[in-house]
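K.L.:
Sequence:
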Amino acid sequence: MLKFLIIVLMLPLSGCGSLSYYHQAISGHWDLMSRRIAIDKLISTPATDPELKRKLLLVSAARDFASHELNLSDNGSYRSYADLGREYVVWNVFATGELSLEPVPSCFILVGCLSYRGFFDPDHALAHANALKREGYEVFVAGVAAYSTLGWFDDPVLNTMLVWDDERIIEVIFHELAHQLLYAKNDSVFNESFATIVADVGVERWLQSNQASVSEHLTRYTRREQFNELLLRYRSKLDSIYKGVQTDELKRFAKSEVFRQLAADYAVLKQDWGNYTGYDSWMNSDLNNAKIASVATYHDYVLGLRTILNDVDNDLTRFYAIAKSLALLPEIQRQQCLSSSHGGSSCANEFTTNE
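So that you can map any letter, position 7 of the sequence shown is 50 in the working numbering, and since no number is skipped, the others follow by simple counting.
Simulated from the structure, these hints should not be mistaken for laboratory data.
Worth double-checking, as some hints may not be accurate.
[What the hints assert, rightly or not] Label pairs and their calculated CB-CB ranges: (1) 353 with 126: 19 to 27 angstroms; (2) 356 with 116: 19 to 27 angstroms; (3) 302 with 63: 20 to 28 angstroms; (4) 288 with 111: 52 to 60 angstroms; (5) 208 with 118: 22 to 30 angstroms.
Where is the CB? At the ideal position from N, CA and C, for every residue including glycine.
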């Protein structure tokens, strides 16, 4: 039954190499799920490493908080632990054209079309990326530490997640549980932006409930938002170039200038941060259209959704209800409502008025 459900969940609608993809998806998921150990059991076992035990106690408390305070799913997800013995759980491959920011989609029967394709094996991910490169696409391969089956199975906390600091661990648990609450088929940008907002609110409330200082959180949050705003601003510049009427040769020249300007503006932003280097590795390797597009997937609607949340006085119940209504809209209408240029204000007014 498990293998059947995985096949149905991951089944590509079309494309070459499907059988190979099925095999890595099924075997990767099966291996992950077979490694699960109940967190309560590990916590009560004297031989458990003290630092692992501390983090699992944190995870357990955050998991209860998510259900009781954030109204997220109360199920078996993130109540077990699995050590995969590797740095990442999956590797996502993003691809765009040389003069385009539209991600090459991967489509599946139940989850719809995603703006990337995930692999449990890095070699398979690289092979897929290289095949796309040979077809003329720009690619970005991103290692991913967290994992979600959208509530189809009881997902475990992974060793790949516990390398982070406490706040980041909590944030990712809230993010992944938000996917179980709401998922719009064929719209990766909406799904990831929604989960980002829920995780942000969740961390803020967690820190307040535990009487922890929020200053470090706010500093990190501000840096993240400023960095994403910078990338989205330059994404807009690139998009204007690619959709323009110039020749491809002129577009390529303009593209190189935009990336040069992006690097210069990032250097200025770093100075404002006191030379914080946390984004250097991302900026200094393989910067291309696919990498820029990956940021839009996770953040393009964050401003619009944040506006809606503010307009309902940070009431998560009302926010979830509006988000679920948005998920039912045609994608183009949802995009018009939540795009950065609109900021979600018209959306918020329409839905809050109709509550």
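K.L.:
Of the hints given before, which are not true for this structure?
P.N.:
1, 3
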